[in-house]
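Participant: If you want the building blocks of each chain, they are given just below.
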Amino acid sequence: MADALLRLEGLSKKFGQVVVADGLDLEVGPHEALGIVGPNGAGKSSLFAMTGGDLAPDAGRVVLDGRDVTRTSVHQRTRAGLGRTYQVPRPFGGMTTFATTLLAATEGAGARGDEALSLAHDALKRCGLAHLANTRGDALSLLQRKRLEVARALASRPRVLLLDEVAGGLTEPEVAELVELVRAVHADGVAVVWIEHVVHALLATVDRLACLAGGRLVADGDPEQVLRDPVVREIYLGQDPSEEGAA
Amino acid sequence: MSAGVPAVSRSGRSTRPTSVVGAVLLLVLVALPFLVYEDVTSSLVSLFVLIVIASMWNLLAGFGGLVSVGQQAFIGVGAYTVVALADAGVPPYLGVLMAAVTAAALALPTSFLAFRLRGDYFAVGTWVIAEVYRLVLVKIDSLGGPSGRSLTGMNDVDATMRAAFTYWLALGVAVVSVATCFWLLRGRIGLALTAVRDDEVAARASGVDVTRAKRVMYLVSAAGCGAAGGVLVVDALSVQPNAIFSVQWSASMIFIVVIGGIGYLEGPIVGAIVYFLLQQVLADAGSWYLVLLGCVAILVATRLPRGLWGTVHDRWGLSLFPVDYRVTRAPAAEPCPAVRT
Ligand SMILES: Nc1ncnc2c1ncn2[C@@H]1O[C@H](COP(=O)(O)OP(=O)(O)OP(=O)(O)O)[C@@H](O)[C@H]1O
Ligand SMILES: [Mg+2]
Chain E
3 MADALLRLEG LSKKFGQVVV ADGLDLEVGP HEALGIVGPN GAGKSSLFAM
53 TGGDLAPDAG RVVLDGRDVT RTSVHQRTRA GLGRTYQVPR PFGGMTTFAT
103 TLLAATEGAG ARGDEALSLA HDALKRCGLA HLANTRGDAL SLLQRKRLEV
153 ARALASRPRV LLLDEVAGGL TEPEVAELVE LVRAVHADGV AVVWIEHVVH
203 ALLATVDRLA CLAGGRLVAD GDPEQVLRDP VVREIYLGQD PSEEGAA
Chain B
581 MSAGVPAVSR SGRSTRPTSV VGAVLLLVLV ALPFLVYEDV TSSLVSLFVL
631 IVIASMWNLL AGFGGLVSVG QQAFIGVGAY TVVALADAGV PPYLGVLMAA
681 VTAAALALPT SFLAFRLRGD YFAVGTWVIA EVYRLVLVKI DSLGGPSGRS
731 LTGMNDVDAT MRAAFTYWLA LGVAVVSVAT CFWLLRGRIG LALTAVRDDE
781 VAARASGVDV TRAKRVMYLV SAAGCGAAGG VLVVDALSVQ PNAIFSVQWS
831 ASMIFIVVIG GIGYLEGPIV GAIVYFLLQQ VLADAGSWYL VLLGCVAILV
881 ATRLPRGLWG TVHDRWGLSL FPVDYRVTRA PAAEPCPAVR T
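Read top to bottom, the protein sequences are chains E and B.
Throughout the first sequence, residue numbering follows our numbering, covering 3 to 249 in sequence.
Throughout the second sequence, residue numbering follows our numbering, covering 581 to 921 in sequence.
Derived by calculation from the structure, the hints in this document are not laboratory data.
We put the CB at the ideal spot given by N, CA and C, even for glycine.
Hints may contain errors.
Going by beta-carbon spacing under 7 Å, a handful of chain E positions derived as facing chain B [to be verified]: (1) 16; (2) 18; (3) 72; (4) 94; (5) 100; (6) 101; (7) 109; (8) 134; (9) 167; (10) 170.
Listed below are several chain E residues computed to face chain B (Cβ distance under 10 Å; list not exhaustive) [as the list claims (entries may be wrong)]: (11) 58; (12) 81; (13) 127; (14) 130; (15) 133; (16) 224.
Quick list of simulated restraints, FRET-style, between CB atoms [as the list claims (entries may be wrong)]: (17) E:58 <-> B:726: 53 to 63 Å; (18) B:704 <-> E:95: 25 to 35 Å; (19) B:857 <-> E:19: 33 to 43 Å; (20) E:57 <-> B:695: 16 to 26 Å; (21) E:95 <-> B:882: 44 to 54 Å; (22) B:817 <-> E:95: 44 to 54 Å; (23) B:695 <-> E:17: 25 to 35 Å.
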């Protein structure tokens, strides 16, 4: 794939003895929706941290839209079109949800004036938070915080959206809502990379699935096929990953 | 872009009455030299200085998370700038403006050094930097060396007029300092600063250039402290290096901001008034003064962890300087897509 939007080349990272990435290669096309599964501690969140710039890899490159951003700061990657959520939500406690998305709209997307206001409001609305526009981050429930993570990422007008376990802890109708949202965002032309233990949510959304284990991709391709892969099944301790419900 | 633009209000519930009260208060303060004895206005000079330096520390620590104990570096630089410029014939009242500029100019290279340090190291580092500034300045013989200097260029001003001018100068610097903080936090950078205050990692991920935001705060804070140092020397007519570079200034700033409420523009003002009143009431109490100050600090820290103003804000939602964005009406139109096409 010559014109990959996001390309990770030979990423390696160790925390002492713990290997979280071991020469990892990954390409995401401009209109792709990729799901990533893997056991706890496999290094999935670390992969996002290296992609987003919070974590410097020991070796390898991160290429965004043909540009090497390995040494580029987090905010510049965001401005270049990389939007991400954090697995453990990071709301701004003293800022309202609207101020939060407005911040991402101005700083991340570079929008100004009315454009920024509508972008901020739209992101909240899409994530079902419009009625909480004037509520501070520290007054939100966990579910609302997770939604705010997505809203903030959307408000920065990403070209690639990195979602880290946003479906965990959601009820079935809520998962369905979230799937609907991610599908809509993807349909708008945004590339999506979604880390998730709730496999059926991924299956409803992605057109490609990868499995991360031991700092490597042990499988990558058609979702159904990946889930049938003996190595993947082995990692899920013999259980059928497609039947793993809300974690 | 067919945008649905929400109606957004920037003013709080209390804005109208408080701005009227504020304007009246300001008028009274401006007219004060005509209304009261000189000892009242001259003691208020120290209150205004406290408001300035505490507001600056609040900007730095309350929003930037930069817990500095070295802002006295810029108080000292400001004071010495006024002294040195007065020698060159610049009127001291004008010198105070230059003190702010000089402090900010020196803060720029200093920030590159200080920002290499994090957390506790930053605190200690800023203190060390302040000491270095003091050591360098006492090496300059023309500025009086270790014993300090008196300020020239003020002898031809009548003492009563001088007291009034100094009062207005201090009031002006305080008003400009608070207004600058308000203006900064209300503007686009204000959102970024508030985000940095709440979560640096998330602020970065939202596109905020966190280092730049912190540098802006550091420079503004230095400018304010520089002006405060200028006011101090104009008020005292002399400067003494150990006093002007004393870490006691940082202790006062921290005390005031913690008492008043960190991260609120009103906090340093409320805290400074409390601190000032304690100083006035306990002026003769000797070391009991410090004991009581400690008790007040412990009491507030344990009972009102968000400070006096933080408690008021939480309980009544009161805000003298509204910087929030309140969505008052959602757009009726269909929203625009949240993506680039
Ligand atoms: N900053 C860090 N310092 C040391 N070890 C870390 C650090 N961050 C992550 N790790 C370790 O690296 C491994 C991978 O962590 P990571 O969070 O990437 O896993 P994950 O695949 O996202 O897991 P989960 O499904 O539980 O979210 C874990 O063993 C974790 O303990
Ligand atoms: Mg994780």
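Participant: Would you list, in rising numerical order, the hints stated earlier that this structure does not obey?
Facilitator: 1, 2, 3, 8, 9, 10, 11, 14, 16, 17, 19 and 21
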